[in-house]
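> Listed below are the residues making up each chain.
Protein chains: 2
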Amino acid sequence: MLKLDAASNMPLFQQIYCQIRADILSGARPEGTRLPSLRAMSKEMQLGKNTIESAYAQLALEGYIAAIPGSGYKVNPIYGLLHQIESNPTVAFSLSGNDHAQKVNQHYRYNFSYENSDGSTFPNTIWRKLTSQILTDDAPASGYSTEMHSYGDAAGYLPLRHQLASYLYRSRGVRCTAEQVVICSGLQPSIMSILRLLQGECNIIALEDPGYHGARAVYECFNTNTIAVPVNGDGLDLAVLVNSSARVAHIAPSHQFPTGVVMPISKRMEILSWAIENESFIIEDDYDSELRYSGRPIPSMQSIDTNGRVIYLGTFSKVLSPGLRMSYMVLPPLLYQRFCEIFSGFQCTVPWLEQAVLTRFMANGLWERHLRKICLQKKKKHDVFVNTVNQLWGERAIIHGHNAGLHILLEFTDGASEKELVSKAALSGIKVYPASNLWKDKALCPKNCLFMGYGMLSESDIVSALKVLKAAWC
Amino acid sequence: MLKLDAASNMPLFQQIYCQIRADILSGARPEGTRLPSLRAMSKEMQLGKNTIESAYAQLALEGYIAAIPGSGYKVNPIYGLLHQIESNPTVAFSLSGNDHAQKVNQHYRYNFSYENSDGSTFPNTIWRKLTSQILTDDAPASGYSTEMHSYGDAAGYLPLRHQLASYLYRSRGVRCTAEQVVICSGLQPSIMSILRLLQGECNIIALEDPGYHGARAVYECFNTNTIAVPVNGDGLDLAVLVNSSARVAHIAPSHQFPTGVVMPISKRMEILSWAIENESFIIEDDYDSELRYSGRPIPSMQSIDTNGRVIYLGTFSKVLSPGLRMSYMVLPPLLYQRFCEIFSGFQCTVPWLEQAVLTRFMANGLWERHLRKICLQKKKKHDVFVNTVNQLWGERAIIHGHNAGLHILLEFTDGASEKELVSKAALSGIKVYPASNLWKDKALCPKNCLFMGYGMLSESDIVSALKVLKAAWC
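Here the protein sequences line up with chains Y and G, keeping their order. The numbering of the first sequence is this note's numbering, which starts it at 1 and goes up by one. The numbering of the second sequence is this note's numbering, which starts it at 1 and goes up by one.
A portion of the hints provided could be inaccurate.
A pair holds if it fits inside one copy or across any two, identical chains being indistinguishable in the list.
[Stated by the list, open to error] The calculated lysine-lysine pairs, modelled on DSS-like cross-linking and capped at a C-alpha distance of 30 Å, are: (1) 49 / 379; (2) 318 / 129; (3) 318 / 49; (4) 74 / 373; (5) 373 / 49; (6) 3 / 381; (7) 49 / 431; (8) 424 / 379.
Just so you know, these hints were derived from the structure itself, not from any lab.
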């Protein structure tokens, strides 16, 4: 006998469906049992036949009952099967107690984190206006609509790629067509695509040591063979690279991470020679080339590559926002053709709307204006950081990697170890990061360096935080 | 002698830099040559010393020249290296002639494509408003700013994951915490993540045959061993699955693609038993569950999985827009923990802003209102399609997979082959798609079926196009 609740929010046909289903699953209506006819049920429950029929139709659709022509509905064999799968339930409904994702976060007054941005330079108002414009233009009658609601080109929105190709040529000497530019959702997916493009051919990757941990994380996650090549005063150690079996070198020649070294033109040419002779590739990771505070941006290695050995990577994370998850790679012609073959059935993972907004931002001249503004703002922070460090520590701290980017490697010459520095800072509510995290070969890494990012802090916070550190470390 | 052009847009220091660099690269200023002193150059060029110094500093930074203490600047060994790398240039600057990306597109009057959407149901106005609101709220003083401009959780924006967990429970019976929901940039990246999560353990994947070609493309691209399991009248052939060595089954039990079959509860339970006994996993691809035109959405397999064997996949591509590139997966607890360990250094590839807009959209009740509206609109198209086909072809065409989704498998019983149908349609300016594309085992596929998507066409276009086809095929 079904019990219905007319006052419930659940529609009556659904209540009937639920109760009959529960009966079947509990064995109360065994396999082969006939359900009451629509007419009989309708009369008994005092409901319209349609209501009963909706419930029966859903049960039949899901396979709980089967319609027998001329004989109504019969219960299918379910009960026995259910017992098999429910006899050893192993899953608890709630993970709250075991939630790995909720890391315990000590509260810090100041955090010299490198990764994030403080957002004050993000062009909120313009971004909002351009987004509105495009969504207004994106009426079904306009051409935009088709583009926004289609899967699009695996390499991304072509007008954006045109803008980028043009900008990269002007600013970094990168020589490519718009088609060679591939829009990606950040460094990590770019590396995953490159690994697939080079699969079977270039299985051993040389990484700068120290180097960017985010890149190393991807290579290791996907079990790539990597070789850690030490970094000298002018970039990675060429002799080690040449004598290794690496077929790819992932380097940041314009602003080595984290040492800040700029690789001189002679070494760039030697690495290109190596690549040509070995049919190897160079991944040029140009992650913050726009942020150079002294002198002009360094021309890319790609600009002197006449043999298609360089894969050039750039990102909008540092100069716009990491939250956009937008980056790009410029593939040499051979790899671009391979990309078209291999990824032809794929879709670009960056949302069309975001690409369209950025295209307008670049086409309207707002992009380069934004770059100038952001460079000025970051330079001020940089100068405050460097000057304050010099005032507070003088010769007891050596600054590496300044005049560009948003990070510094700070080396202490007075015998302090990174461990002490980190823990004393923490006691005063300041989070600083040991430089050794960035070395793979821990034997080679210095023990007296800190890796300091200042992108998140305001100028006054930088000064305050450094003063607190000075007190904490004395 | 340097030649400067005062009228040029290029700053003077940069002109000096370029000319000296060119001289060095051409060998005109050989290795070891001293550059004129700042004072001498300044006097000769009639320019301020700063201008010269800027040029020299840039050249030194890039390694073209070296500063000799007390002796000015000297040219580094560059010329010889340049010759090595330029002796065999292999790359032409322009790809325009070889551009694979520009496929030749015959112009079709009507296209029964499945992939894209016509955009008329995308909630433009609301999306624009919510985006504006969030960017206005996203002032540096508010909490949002930190979130938008940080790299965020690898699994995505937690408030969105809360909304999804709640919605999925109400609509599909999916039982999970917010943490188990992972936001992804579409089916293909989801599959790539799953392959990494199951690496080494579940190397052979069973795919429905016929099945979704987009999923098969990813598995094949990454050289996964796949087994094509035929699809019967009630879903994939269990006997074939059980007798295979597959450890993962990728299935669409609520609306098999492309046949439309709904897998009955009994078979769902049998597949779950198989998964429990073999410690296998089931990827439940629920790509268009919201679009059901008759009866309610089918409860998910995940809702009856008490052993953590089901990975549930859903997407916003069909019900919002493919251009958003947003989807999600619900990981069983074991795999969620593994995800946290393996991908802890990674970032979610979906832009924060998009996730924040969608969160508000769902939180404000607009999502379920949108679903009802879109379901009605798609149902109208569906009904027009089905009724028109019945009118025009009667028993000569059998419709498979209707009452849900945005596609139909159309089977012709009068002896026509798909090849003929496709080419005759093309001659009349209509693009239709052979169903055999969706079968891996071509021996098993019917030769008389077309795979028709109608999401892109308006109701009147559907009628017109079908009438043209009727004429074309007679």
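> Now, for every hint given, state plainly whether the structure supports it.
Checked hints:
1. 49 / 379: between (76 Å within a copy, 24 Å between copies)
2. 318 / 129: Classified as both: same-chain Cα gap 22 Å, cross-chain 27 Å, threshold 30 Å.
3. 318 / 49: Cα proximity of residue 318 and residue 49: none, with 64 Å in one copy and 34 Å across.
4. 74 / 373: So residue 74 and residue 373 fail the 30 Å test inside a copy (74 Å) and across (35 Å) alike.
5. 373 / 49: between (71 Å within a copy, 27 Å between copies)
6. 3 / 381: neither (70 Å within a copy, 38 Å between copies)
7. 49 / 431: neither (69 Å within a copy, 43 Å between copies)
8. 424 / 379: Classified as within: same-chain Cα gap 29 Å, cross-chain 65 Å, threshold 30 Å.
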